[in-house]
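So the sequence lines, in the order shown, correspond to chains V and G.
Counting in my numbering, the first sequence runs from 1 upward without gaps.
Counting in my numbering, the second sequence runs from 1 upward without gaps.
Think of the hints as simulated: they come from the structure by calculation, not from any bench.
One thing to keep in mind: the hints can contain errors.
[As the list claims (entries may be wrong)] Derived EDC-like pairs: lysine to aspartate or glutamate, alpha-carbon spacing no greater than 16 Å straight-line:
{"#": "1", "chain 1": "G", "residue 1": "Lys9", "chain 2": "V", "residue 2": "Asp92"}
{"#": "2", "chain 1": "V", "residue 1": "Lys208", "chain 2": "V", "residue 2": "Glu295"}
{"#": "3", "chain 1": "V", "residue 1": "Lys89", "chain 2": "V", "residue 2": "Glu131"}
{"#": "4", "chain 1": "V", "residue 1": "Lys28", "chain 2": "V", "residue 2": "Asp63"}
{"#": "5", "chain 1": "V", "residue 1": "Lys86", "chain 2": "G", "residue 2": "Glu217"}
{"#": "6", "chain 1": "G", "residue 1": "Lys3", "chain 2": "V", "residue 2": "Asp104"}
{"#": "7", "chain 1": "V", "residue 1": "Lys223", "chain 2": "V", "residue 2": "Asp288"}
{"#": "8", "chain 1": "V", "residue 1": "Lys223", "chain 2": "V", "residue 2": "Glu179"}
{"#": "9", "chain 1": "V", "residue 1": "Lys87", "chain 2": "G", "residue 2": "Glu217"}
What you are looking at is a predicted structure, and each value in this text was computed from that prediction instead of being measured.
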Amino acid sequence: MAILSLRNVVKQYHNHRAVDSVSFDVEKQKLFGLLGPNGAGKTSLIRIITTITGADEGEILIDGEQLNSYHPSQLGYMPEERGLYKKMKVGDQLMYLAQLKGLDKKEAKQKIGYWMKKFDIEAWWPKKIEELSKGMQQKIQFIATVVHDPKLIIFDEPFSGLDPINTNLIKEEIRQLKEKGTSIIFSTHRMEQVEEICEEIVLINEGKVILQGDVNEIKQNFKENLYKIEFDGEIKSDFSQFDVQSRTANSITIKLPADVDGNELIKYAVSLGMHIVSFNEVLPTLNDIFIKQVESN
Amino acid sequence: MNKLWLIIKREYLIRVTRKSFIITTLLTPIGIGVLALVGGLIVAKGGQSQQKVLVKDDSEILKSAEITSKSNIYEFSRAPLERLKEDYKTDGYDLLLYIPAFENKMATQHDVKYYSQEKLSIGTIESIERTLERVFKEHKIDQSNIDREILESFKMNIDLENGAIAVGDDGEIKAGSEDTSSKLSIVIGTALGGIMGFIMYMVIFIYGSMVMRSVMEEKINRIVELMISSVKPIQLMLGKVIGVGGVGLTQLAVWLILIPLVVTGVQLVMGGDPQDMQQLQDMASQGGAASLQAASDDIDFHQVINEFKGLNWTMIIPVFVIFFFGGYFIYSSLFAAVGSAMGDDMGEGQQLMLPIMIPVILAFIMMQGSLQNPNGGMAVFGSLFPLTSPIIMPSRLAFDPPMWQIGLSILLLILSCWFFAWLAGRIYRVGILMYGKKVNFKEVGKWIMYKS
Numbered sequence: 001m002a003i004l005s006l007r008n009v010v011k012q013y014h015n016h017r018a019v020d021s022v023s024f025d026v027e028k029q030k031l032f033g034l035l036g037p038n039g040a041g042k043t044s045l046i047r048i049i050t051t052i053t054g055a056d057e058g059e060i061l062i063d064g065e066q067l068n069s070y071h072p073s074q075l076g077y078m079p080e081e082r083g084l085y086k087k088m089k090v091g092d093q094l095m096y097l098a099q100l101k102g103l104d105k106k107e108a109k110q111k112i113g114y115w116m117k118k119f120d121i122e123a124w125w126p127k128k129i130e131e132l133s134k135g136m137q138q139k140i141q142f143i144a145t146v147v148h149d150p151k152l153i154i155f156d157e158p159f160s161g162l163d164p165i166n167t168n169l170i171k172e173e174i175r176q177l178k179e180k181g182t183s184i185i186f187s188t189h190r191m192e193q194v195e196e197i198c199e200e201i202v203l204i205n206e207g208k209v210i211l212q213g214d215v216n217e218i219k220q221n222f223k224e225n226l227y228k229i230e231f232d233g234e235i236k237s238d239f240s241q242f243d244v245q246s247r248t249a250n251s252i253t254i255k256l257p258a259d260v261d262g263n264e265l266i267k268y269a270v271s272l273g274m275h276i277v278s279f280n281e282v283l284p285t286l287n288d289i290f291i292k293q294v295e296s297n
Numbered sequence: 001m002n003k004l005w006l007i008i009k010r011e012y013l014i015r016v017t018r019k020s021f022i023i024t025t026l027l028t029p030i031g032i033g034v035l036a037l038v039g040g041l042i043v044a045k046g047g048q049s050q051q052k053v054l055v056k057d058d059s060e061i062l063k064s065a066e067i068t069s070k071s072n073i074y075e076f077s078r079a080p081l082e083r084l085k086e087d088y089k090t091d092g093y094d095l096l097l098y099i100p101a102f103e104n105k106m107a108t109q110h111d112v113k114y115y116s117q118e119k120l121s122i123g124t125i126e127s128i129e130r131t132l133e134r135v136f137k138e139h140k141i142d143q144s145n146i147d148r149e150i151l152e153s154f155k156m157n158i159d160l161e162n163g164a165i166a167v168g169d170d171g172e173i174k175a176g177s178e179d180t181s182s183k184l185s186i187v188i189g190t191a192l193g194g195i196m197g198f199i200m201y202m203v204i205f206i207y208g209s210m211v212m213r214s215v216m217e218e219k220i221n222r223i224v225e226l227m228i229s230s231v232k233p234i235q236l237m238l239g240k241v242i243g244v245g246g247v248g249l250t251q252l253a254v255w256l257i258l259i260p261l262v263v264t265g266v267q268l269v270m271g272g273d274p275q276d277m278q279q280l281q282d283m284a285s286q287g288g289a290a291s292l293q294a295a296s297d298d299i300d301f302h303q304v305i306n307e308f309k310g311l312n313w314t315m316i317i318p319v320f321v322i323f324f325f326g327g328y329f330i331y332s333s334l335f336a337a338v339g340s341a342m343g344d345d346m347g348e349g350q351q352l353m354l355p356i357m358i359p360v361i362l363a364f365i366m367m368q369g370s371l372q373n374p375n376g377g378m379a380v381f382g383s384l385f386p387l388t389s390p391i392i393m394p395s396r397l398a399f400d401p402p403m404w405q406i407g408l409s410i411l412l413l414i415l416s417c418w419f420f421a422w423l424a425g426r427i428y429r430v431g432i433l434m435y436g437k438k439v440n441f442k443e444v445g446k447w448i449m450y451k452s
């Protein structure tokens with residue numbers, strides 16, 4: 001069952017169609033990637049889902065229900081441009097945002113307490129936001145996004161501006177949220193950042209969906225029978241009977257014809273007496289697939 | 001509704017707990033108190049110390065007259081002027097006055113000299129001049145053999161009164177409508193109207209721009225996108241407008257209580273009984289405001305207070321409050337809309353301020369005209385037109401404008417509140433999400449038309 005379904009959603013800004021008949025489903029408890037370059041219409045779409053703006057045409061269903069004014073309390077949204085009230089204390093700020101999401105005072109306090117303890121930042125409660133470093137502010141922003149236990153969370157460029165430690169921390173939290181049953185949408189143009197964690201994606205460009213589905217299936221569909229051999233020592237052959245895509249001092253990437261299996265290649269390499277360190281099928285990155293799709297459209 | 005309340009609460013609390021708010025709210029009355037104290041001291045210093053004046057009166061006119069002035073003490077000496085000039089100070093006098101002989105009885109000008117080591121205050125000079133002028137005039141009348149009664153009968157006092165107001169339905173003159181009261185009521189009405197209009201003008205600018213800055217801050221901070229994923233833009237805008245309005249009301253209320261307290265306190269500190277207005281009046285007139293004396297001689301302060309109490313307060317206060325809220329609401333909504341369109345570059349959006357500034361400033365200018373002619377065409381138009389009525393209608397209230405005009409004006413005001421909240425909301429919801437776009441009137445016009 002889909003937590004979110006879009007059916008032919010259109011958003012028209014004065015002589016510019018930001019969202020052009022977009023349809024896709026986000027399944028429950030999935031990590032879903034909303035991918036596309038800058039200006040593809042991702043933010044416009046998110047704003048429609050979060051009820052910030054309305055769609056001109058089409059249908060949006062949350063958990064099978066028409067999107068309505070009660071839904072914002074079931075959604076969590078971390079905008080690309082982070083923002084908090086700089087002069088407000090961390091605790092007051094989170095209480096305020098949580099109550100605006102419909103929690104009562106007691107619930108809000110308890111949930112904020114839980115998250116602050118989890119991040120080991122309980123001592124920050126009386127600190128003003130402007131006193132915190134950027135990374136610290138991101139944590140507060142993350143708590144503000146998830147504090148009301150939303151069914152569906154939308155992260156817009158979640159890792160921009162995060163150092164590797166905080167990136168891992170947030171990734172880990174997101175994984176845990178997913179395990180608890182939360183559905184998550186990542187919106188980003190940095191496709192390499194999410195391809196390892198997203199299970200399903202939709203690729204959009206110029207307001208239109210150009211590709212959607214399971215990440216692994218997509219990769220399989222777009223694979224080009226590329227294999228990479230890494231080795232130690234001498235290469236022993238120049239592999240000129242194959243279509244060599246690239247080579248370095250200790251690796252070579254080869255494209256096999258569609259009817260040739262990878263086993264043939266490794267057999268040949270072994271027969272040469274090469275010292276093989278690794279042998280991999282090279283799957284295309286989402287970035288490659290995206291560029292290919294855009295070019296072919 | 002609950003969310004709106006949360007927003008109002010935050011907008012209110014975040015401001016009233018700010019140090020700068022507490023400081024300005026408390027310091028303003030103290031500042032006014034200090035000003036009153038300094039002003040009072042200056043006034044008092046001019047009038048407090050009686051000047052001991054030694055007079056060498058060769059004309060013999062002042063000497064033989066009965067001097068009624070309490071401001072200065074006059075004592076006389078026949079000793080030679082040169083000796084007096086040397087000794088008056090050591091003899092305990094503040095100054096020496098030399099009146100030469102007065103020979104030409106028809107002269108209208110007589111030069112009198114004073115000698116003093118310090119510069120005399122304008123108050124002292126004028127007070128001595130007045131005493132001398134009166135004494136010389138009396139002397140000339142006595143010398144001229146003119147019958148005093150005939151002379152007195154030349155004086156004329158004409159009062160222009162409003163027959164329709166001063167006389168009741170039964171033709172009887174109403175109690176309290178003494179000679180000066182109708183004139184006085186106009187003076188009081190004008191003063192009160194001016195003050196109320198000015199308060200409105202200040203409120204619109206100070207708190208209106210507070211709303212605008214706050215909208216801009218949210219937009220620049222980028223918190224606004226997070227906010228409106230939880231609440232409707234119009235809720236956020238209204239919450240801000242109402243919250244800041246509450247801040248303004250709090251500040252005004254504190255001032256309304258503290259300023260009279262501080263001023264009364266200052267009066268007590270200075271030793272004057274605040275009830276005894278006559279004393280203050282004396283001090284004021286002696287302290288250099290001599291030109292006012294002629295006017296204030298005719299007006300009894302008790303009469304002013306009576307006249308003040310006699311105003312139709314049960315009408316004035318509620319109507320003023322309605323216009324206060326209405327005016328604030330309309331303009332702060334517009335300020336919010338402008339703030340949303342402005343973004344980080346204040347200079348770029350400056351032209352958008354114009355449509356707000358113009359009616360306010362125009363209303364303030366029209367108010368001066370309306371005070372002079374409270375029932376004239378401009379006053380009536382200005383007090384009905386919703387963008388000027390919050391300033392002009394209060395300024396007319398002390399002049400009993402017709403009820404239908406007040407009613408119509410309030411109706412138009414309420415409709416306009418609704419209209420401008422709607423209009424501002426339409427601009428606001430687009431403006432707050434619009435970055436890096438040069439905004440002009442055409443653009444804003446498009447926003448109003450956007451579907452939500």
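- Numbered hints the structure breaks, given as an ascending list: Violated hint (a single one): 8; every other hint is consistent with the structure.
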